[in-house]
Structures are given as structure tokens and as C-alpha cells.
Amino acid sequence: MKILIIEDEQEIAQSIATYFKTNGVQCETAGNYTLALNKINNYDYDCILLDLMLPDGDGFDILKELKSKNKTEGVIIISAKENLDTRIEGFNLGADDFLTKPFHLSELLVRMQALIRRKNFQGNNTIVFNEISIDILSKTVTVNNQKLDLTKKEIDLLLFLIGNNNKVLSKGAIAEHLSGDMADMLDNHDFIYAHIKNLKKKLHASGSGDYIKTIYGLGYKWENE
Amino acid sequence: MSKKLLHKTTSSFLTFAIIILLIAAPAFYFITQWLYIYETDEVLHFHKGAFVKESYKDFTEKDIKAWNKYNHNVMIVRDMGITKDSIFGEMLFDSIANENEPFRVLYAPVTINGKRYTYTEKINLVEMEGMVINIAAMFLFIIIILLIGIIWISKKSAAKIWKPFYNTLHQIHDFEIDKNKPPHFIATEIDEFNQLNKSLEQLIEKNTAIYKNQREFIENAAHELQTPLALFQTKIDSLLQLELNEEQSDILSSLNNDVSRLNRLNKNLLLLSKIDNGNYVEKSAIILNEYIEKHLDFFTEQAEAKNIIISTEFTSTLSVTANPAFTEVLINNLFLNAIRHNEKNGRIIIRIKNNQLTFSNTGQSTSLVIDKLFNRFSKTNPSSQGNGLGLAIIKKIVEINQWEIHYTFENQLHNFSIRF
Chain A
130 MKILIIEDEQ
140 EIAQSIATYF
150 KTNGVQCETA
160 GNYTLALNKI
170 NNYDYDCILL
180 DLMLPDGDGF
190 DILKELKSKN
200 KTEGVIIISA
210 KENLDTRIEG
220 FNLGADDFLT
230 KPFHLSELLV
240 RMQALIRRKN
250 FQGNNTIVFN
260 EISIDILSKT
270 VTVNNQKLDL
280 TKKEIDLLLF
290 LIGNNNKVLS
300 KGAIAEHLSG
310 DMADMLDNHD
320 FIYAHIKNLK
330 KKLHASGSGD
340 YIKTIYGLGY
350 KWENE
Chain R
-5 MSKKLLHKTT
5 SSFLTFAIII
15 LLIAAPAFYF
25 ITQWLYIYET
35 DEVLHFHKGA
45 FVKESYKDFT
55 EKDIKAWNKY
65 NHNVMIVRDM
75 GITKDSIFGE
85 MLFDSIANEN
95 EPFRVLYAPV
105 TINGKRYTYT
115 EKINLVEMEG
125 MVINIAAMFL
135 FIIIILLIGI
145 IWISKKSAAK
155 IWKPFYNTLH
165 QIHDFEIDKN
175 KPPHFIATEI
185 DEFNQLNKSL
195 EQLIEKNTAI
205 YKNQREFIEN
215 AAHELQTPLA
225 LFQTKIDSLL
235 QLELNEEQSD
245 ILSSLNNDVS
255 RLNRLNKNLL
265 LLSKIDNGNY
275 VEKSAIILNE
285 YIEKHLDFFT
295 EQAEAKNIII
305 STEFTSTLSV
315 TANPAFTEVL
325 INNLFLNAIR
335 HNEKNGRIII
345 RIKNNQLTFS
355 NTGQSTSLVI
365 DKLFNRFSKT
375 NPSSQGNGLG
385 LAIIKKIVEI
395 NQWEIHYTFE
405 NQLHNFSIRF
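Protein sequence lines, in the order shown, are assigned to chains A and R.
Read in this note's numbering, the first sequence has 146 at position 17, and its numbers run on one by one without any break.
Read in this note's numbering, the second sequence has 158 at position 164, and its numbers run on one by one without any break.
Honestly, the hints are just simulated from the structure, not real lab data.
Just so you know, not all the hints are guaranteed correct.
Only pairs whose alpha carbons sit at most 27 Å apart, straight line, appear in this in silico BS3-like list of lysine-lysine [to be verified]:
#, chain 1, residue 1, chain 2, residue 2
1, A, Lys326, R, Lys288
2, R, Lys300, A, Lys331
3, R, Lys229, A, Lys350
4, R, Lys338, A, Lys282
Using the sequences and the accompanying hints, generate a full structural model.
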């Protein structure tokens, strides 16, 4: 899987690249508009992460360029400038998702995975991790072909954890992922403990491995035993 | 007590007029009286002079008798020892009116046929009294007409003159700096008012510019902070992936809390400036009952850590027409406040009655200080996790929609009510 990060803040681009690399995503970066256009014209990517404010151009123009060339890459806008107008304009110009800075790398990763799944849905919409398999469309989870009764939130949590395989996820990142728009207002992330506990219990009862590790003081991690 | 300017000038004007009138009326009376007496005396002297010049050359003693017989007012009497002409005011009996009346009487020495006599002439002053009263009445009448006229005219013209002033006053009263509508003063013919309007226009223009600047500054600052915050966040996320010992984990954990707190603060500031700048003006109808019920699970989840019991008492369906995003923020903030400032095993009661929504929660056992409650960054409990913007945001949203919010503390419950 190969993606392009168009972002003028080199350090953010680098952090994303490093984080994604261990989850099997190969990242290329472009720090300005010219370089970005160059790369888009010469290569194909599975996904493009696009910052709207570039030193020598406007991110929206890149969206227009992609559209005019009939490129089918999925685009996630990552921008510090967030208001309804930029959102609407972004979506109108063909962006698939919009993530406001600052964001959690874990959130960006699962959103990108979801986008890529949506883009190449050639038959297979199932995520498999060892004995666990999740059908995205029907929202069903099976362990060793036994259907597991999970709530919507628990499935969401499971997808988030598996998507960030081998990554330590802070409670804040999980809380924000689970509470969506409300996340900005939450000052207490303890509620995720109950969800983690329930998910662990259900997975364990179904005979699945114990993949959810508690990382002291920091959060949780999905890890192959 | 303050009065209207017009009232003030008119009343001092009236007081002056009354004082002048009070002084002038008796003075006028006495002067007229004096003048009349003076004129009467002149007449007496004149009559006597005429008598001396015309009549008395060939007067005989017999003539005196005849004269006195036919003349009532002018009499020639025996010498009374008068040496020179003298006039007195006397009360004499008037046979016609049948009562004592004031007279002016002239006594003058005359010599007829070598014999000394006294010439007397009296003039009744009753006529004078009537005349003086008539003149005084006329005078009063004229003055009153004059006064009424002057007051009426001054009132009329003052109302006309001051009209632009009241217009200006009215506009300034209605002016709100956060509404993008500068007052438009009407041009006047009065220089002072034009100056006033011009000064006000400049003052308002300047302050609006400063206010706008300030607002933009908050928005820009918050926006500019997003990028370094993003850097901060991504680096912490990267750091999380490293092998850390316990001490490092503790530090990272608290850093994590700090950055999310910063994020929240910044997002709230952005939200406030968005409301300030009038973004998201599109409106639609939202049924509050439905919204609350739909998100009850989420908030119940948030409240679980404190073991708070949430109950709803909806006695009517409340539908409001407003910006949906802001209205949701309003409800969420009220809800989270009720959780945040609650105590363990506390309660939250959400009531909808008629057009009023009330969040009641247990919490600290004393009433909150209302003065600064809705101010930005005002925190009742400095150590609390909140950033002091929650209620400011609530207030702002309430304000832009012209709703009303009230806080009360009753039966150990903190109540925030919004009337839509």
C-alpha cells in the first residue's frame, strides 16, 4: 500500500510516515504544491493525505487537478483550517474525508484504511486477524466461525484496535474515536475502560486470543501473542 | 431624578416668568395709581388756573352763591386760612353712591372783590380704581397669552431642534458592537449635533475596528495554534510507540492529558470565535426531546464513572428553530457541565416544560456566584478539569438566538434553565 502525504510541515509528514510504515503503509511525502503535482502526475497512490495550506499553492487546486486527470485516489484533507465552507468545498472537489488538525495518528490510520477499503471493494469486505474476522458491511464479527454478539461501539473499538495493530493507543485517542463530534468536549476518558473490559471479556469467552494489552499509565495495545 | 432637557429649560423659563409677573403686577398697579393721581392733580391745578383766569374777574358774592348752588365739585368757600395751593387725598361721603369714597381735593386761596376765599375742588377716584383694575387685568391677560405662546413655540421648536439629538440617542442605545450594523445618523442643520454625530461615528468606527481586530486575533491565534498542536500530538503518538520505563510512561501520560486539554481549549476558543463571527447562520428545526433522548446513552456512559443517575421529565415537546450545530453544542455543554460538576452518586434531572429546558444537578452544597458565572475563563473550582469556556459558550449561543438562561440553586440542586 502506497500513499502520498502532501504536507508542508515536514515533521508532521515524517511522524505520519514513521507511524504508518510499521503497519504496512509505504509513504511518500511532498512538502509543496509543485512537488505534489509532479508526484501525482507520475505515480499512482492508494490514498493521498492533503494539507490545504501549502507554501506555493492551494490544496484545493490539487483536488481540481486530480479531478481533471480522472485520478481515482482517495483523498483525506488534513487541515488546521476548519469551517463548514472549507469542508463543503473539499467534498465538492472530490475529497473523501476531512480530518482537522490536531489529530491522532491512530485516527488517521484507521480512516485511511477505511477509505482504501471503500475504494477497492472488489468483493472482499472482511478484515481478518487470526481467528477473528469482521465483516464491515454487515457489521458482524466471528471468532472461529462463531458469531460474536458485540455492540456497535465494541465493533468500532475492535476495528480501531486491529487497524492500529501493534500500536500503543492512548485513552484519549480511543475516546475521541468512539465519541466522534462530542470528543472535543470530553475531559474524562475513563468511560473507555468499560468498553475495553467488555470487549476483552467477550473475545475471551469466544475462545479468541488475548490480544488487548494494557500499557501501564498510557493506554492499550492490540498485539499478536 | 433626571428630567428631560426640554422640561428643564421650560420649567426654569416658567419660574422666571412667574417671578417677573409677581414683582411686576403690584409695581404696575402702584405706578398706574400714582400716574392717575398725578394726572388728577394736574387736572385740579388746571381747573383752578382756568377758574382764576376766566371766571373770577367779574365774580360777585352773589355769583359765588349761584356757583356753589350748581357746582358740586368746585366750591368757593370762606377763607380756611390756606395760603398756597394744596391737594389732599380724602375719604368723603358721596351722595350719589351713598358711601364714603376716595377723593383728591384741591384747596387754593383766591381773592374775589378784595375778599379772601378758599377754592376747593374734588375729584372722585373711584373711576381710577376701576381703570387700574381693568388695565391690570388686560396686562395680565396679555402677559399670560404671551407666556403661553412663548412656551408653546419654544416647546414646538425645541422638539424640532432636538429631534436629531433624540434620534442619535436612540440609535446609540440600540447599537451593539458585535452586530455588524453601524448606526446611521441623520444630517441636521445644527452644527453641534453634526459634530456630535461625527464624533460618535468616528468613535464607533474606531471601536468596531478594534473589536473586529480582537475577534480576528482570537480566531487567528487559535488557528495558528492548530499546527504546532498537531505537531505536538503526532510526536506524542509516536513517542507512545517506544519502549518506555515507568517514569517515562508517567511523564508521557501526563503530557498526553496536557495536550488533549490544550486541544480542547483551542477548539473551544475557535468555536467561540465562530459564534462571534456569525458563521453557521443557517437554521433548521430541532426537537430537543429527541436530541436528548438520542444521546442519553452517550452521556449516561460519561456519567457512569461518578455513578450518577440521570432522569428526564418531559411534559411537552420542545422544538426550536436555530442552527443545529450550535444547539447541539449547547445541549452537550449543559449535559457535560451537569456531569463534570456533579458529585459521586449524584443526580441529574432534565426537564422540558412548555418552552423551557432545565438541567438540574447535585454538586457543591452552596450556590454558585452568579456574577462571573458566564464569563470566559471563570472557574468556580480552579482545580477542575474544565477550561472555563463551557458556560461562556452556552451564554453566547443563548444570546445569538435571543433565548434566556437562568441559574438557580434550590433544594441542593443547581438548575440551569433556558427559555426558548
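Next on the checklist: Hints numbered earlier in the text: which of these fail when held up against the supplied structure?
Outcome noted: Those not satisfied: there are none.
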